[in-house]
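Chain residues, written in single-letter form:
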Amino acid sequence: MVLILLLIPAVIGGIAFLLPNDPLRRALLVATALTHAGLTAACWVRSPAPMAGGWLVLDPAGLLFLSITSTLFLAAAVYAVAYLRREHDHVTRDAVEGFLFSNAPEATFTGCLLLFLAAMTLVTLSQHVGLLWVAVEATTLASAPLIYFHRHHRSLEATWKYLLICSVGIALALLGNFFLAVAAGSTPLVFCELVARSGQLNVLWMKAAFLLVLVGYGTKMGLAPLHTWLPDAHSESPPVISALLSGALLNCAFLGIIRMQQVCAAAGLGDFSRSLLVGFGLISMAVAAAFIVGQTDFKRLLAYSSVEHMGILALGIGLGGAGVFGAMLHAVNHSLTKAMLFLVAGNILGAYGTKSTADVQGALRVLPVSGVLWVAGLLAITGSPPFGPFLSEFTILKAALDAGRIGVAITYLALLAVIFIGMATIMLRMAQGVSLRIAPQRESWTAVVPPAALAAAVLLLGIYLPGQLTHLLQQTAHLLGNH
Amino acid sequence: MTLDIILILVVLIDLRLLGASRIEASIRIVALQGILLGLLTVLEHYGDLTVSVWLVAVGGAVLKGVVFPWLLVRALRSSDAKREFEPFVGPIASLLAGVAALGMSLWLAQRLPLPQAPHASLLVAVALFSILVGLFLIIARKKAISQVLGFLVMENGIYTFGAGLVRQSPLLVEFGVMLDVFVAVFVMGIALFHISREFDHINAHELATLKD
Amino acid sequence: MQATSFLQILFALLFAPLMLGVINRTKAWFAGRRGQPLLQAYYDLYKLLRKGAVYSRTTTWVFRAGPVVGLSAVLIAMTLVPLGRQPAPLAFPGDFILLAYLLGLMRFFTVAAALDTGSSFEAMGASRDVTFSALAEPALLLGLAVVARQTASLSLSGMYAGMALETWRQAGPVSALVAAALMVVLLAENARLPVDDPNTHLELTMIHEVMVLDHGGPDLAFILYAAALKLWVFAALLVGLVLPLRTGHAWLDVAAALGGIFAVAVAVGVVESSMARLRLLRVPQLLVGAGALVALALILTLR
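Protein chains in written order, with our numbering: chain A, 1 to 483; chain B, 1001 to 1212; chain C, 2001 to 2303.
Among the hints, a few may not be true.
Said to hold, decoys possible - Estimated spans, in silico, between C-beta atoms of each pair:
#1 Pro225/A to Ser1021/B: 29 to 37 angstroms
#2 Gln474/A to Val1183/B: 32 to 40 angstroms
#3 Ser1021/B to Gln475/A: 56 to 64 angstroms
What the hints contain is simulated information worked out from the structure, not anything from laboratory work.
Small disclaimer: the values here were computed from a predicted structure and weren't measured.
Yeah, the Cβ is synthetic: ideal placement off N, Cα and C, and Gly gets one too.
Chain A extracted, bound-state conformation (with noise of 0.2 angstroms):
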């Protein structure tokens, strides 16, 4: 069952290359989302056996986050119809500098993209230390020429950005694996054998892993200051693109990064471990502040909001106690809200033709169901009820103040305040208003229905959490450790 989770998007990205037929491989992407999101609803009733020898196995956590990549890939691939058919064989000229450019081939993108679903299940699936980074990396080189699809200088340079400055995070965290490796001696790399046998782990050796690794898959999460490849890499990548790097790729690399906290935490090395979380999580949520206040390209801002959530998911795991389980359901309440409102901005950038916040007026009368999309999001984003990610980050403020930590809670508090203002002043600007340059536009249900279906399922997360979920979110908790 695990395999074929694995196999399937794997095989048809293969055919998708070399499928010459573009409304097929449309239906085929189509197809293949659906079957990977049944299986993984099955994978709810009845949890899969283990396979290649506990290697691959699918415990709560990775089921939580395979959820999550399944959902929105659906979401994506059924946005993605729509905008491939409009992108088909177009020249377009840049809004910004005015030059024409192409696009990359439709069979790269579609075989990229079922790559990068079967490589981000992969990471949710290994328990083996190597094989978590030889998946992590995966999804690098596969979103790599997701980036590149509009051929023009700006996309390549955050292109190369991306691959250099998340290769060489990798190629840092495969060395704290190897430190890992020499902590554990003769111990299988396998999380839940290291948890087992944590009292033999050299502790000198698995503070410098937990550092490296912290650091290497800090910088593909985007936490500050190794952000810096996010911003660029989500506005000049196509809007199906840009909701799956923020909403599912950050969290295959928070999952890597929590595995590791689980095997410090067992070994003794907690407070070590939570304290470097912690800091992480504070700074990033500052640094995104500062550059969120004042942002002109609104793109850039939602990348920037999902740096600050980031930071806000290594706090709640660095807080320990209840802050696990909101950090749990933030994932989850991040991951749909930031999906949604990438696609929004899909939708708002096609009208529009600018990625300017300045230019964008009246969104509201132009795109109605997208603008009013957009004002929920951007209501869920800074986390006002009855959304969800109110939920979950009020359930990290109390773990705070339950905790002691006053004044992590107020410098949380002040930075989401903060926050809050920044992206209210300039999503509702661009909501409200009237647009003197484009008229009021029709839209088409691919593009509208994807986002609504994660805002309904944000707002629904907001009044009352599946008892289902939160039996998962407690399991995972649990796992992810309080000690």
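Following the hints, put chains B and C in place on chain A, whose structure we already have.
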């Protein structure tokens, strides 16, 4: 003793890279380093030379010694760029920084003694030194191709660490490293082609349009 | 002092100019010529000593003192350097620092004499020479420090007596690095290719030649002889490191060392024939590279 000689040769190659100014010469030097590391793998596993050890060592040497230089030289020649590094930090300052990094690596290696082999601090030091030199080359040179070379040197350093130390399930990890390096450099090489076609240069320093 | 020490001084005084002949003959052989006679340097010295000197009116006593002080300094330096693992005539702890400073004294007076002529041409050569020597000196001193640490002795005689083939077997890479750096320093300090071309007539490429352009007659003889002795000193340092033979007999050791010195001369000739002069910008990089090699050797020894 032979191990020490190979490690010192690796250090000399790193120092030479810091002071180098022509790109093609540097590419060939990094290739030589890759071949030396293949030799290192064979020497480290001298007690139990299985087929997989030979595969990893020879495969790695061929990949890093033949395939990558060919790819990178092709990327270099297809672009119209000048064939010299344009460094932010000049050769002499780089060399001095390299000597400082060497001292720091040796100090760090003494603080991190290996549980299984406490006398192997030279290997740890050389690995850390190569990683630092790789990072330095990425930061302190303007051309995109030097960033790829720096990445290769960094991966060589990580490979050195892995080759010497991970004895239990050694080769899966080396396979992983090699696969990663191969695909990463492949993709980077392709990106370099695109960069040289899109811009008139391969100066990563000038890839600075996107900023806040 | 022992008989062998006297012999060392004798050999140095007699055979130093022969090294220059060997170098020139090696270069000629590479170029397919017959070349100068081996004893050409002696004929030159004899000729120059019989000539008179012309002194410009702008020069002072410094100009006349330059060659004399240079020759005296290098004569004293020569007495510090052991040959064939025999103790040198003068030996005390820390004498290698005295060696470096005697060579520095020689250089200082040569440079001062060059500046004393008041011509900017010589000053150009002087500034180049001083820069390169400043960069070469750390390599020399650190290299000797590495050998001192390896043999646990602070005197040159002690250091070279302590070097043995076992040292090479135990810490071969370190000794190889120091030997390579010493070779580079030898080439730089003695104004050999690839740092400086001794046969060049081109203004742009002169370093050492231009400093001694104004000297003539006995002064030039002193300078020529001092240059030969300086080459001997460096070659002896290098030979002691590279060929630490320990046969039972002192005479055999000395004879082997003598052969080694002429081998170094041949090696210098080979290097000069196979390399072109480096661009002036690259010479500091070469010297710092030699310094980095020695730093590596030192770090390895201190481990």
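Which of the numbered hints above does this structure break? Checked against the structure, no hint fails, so every one of them is satisfied.
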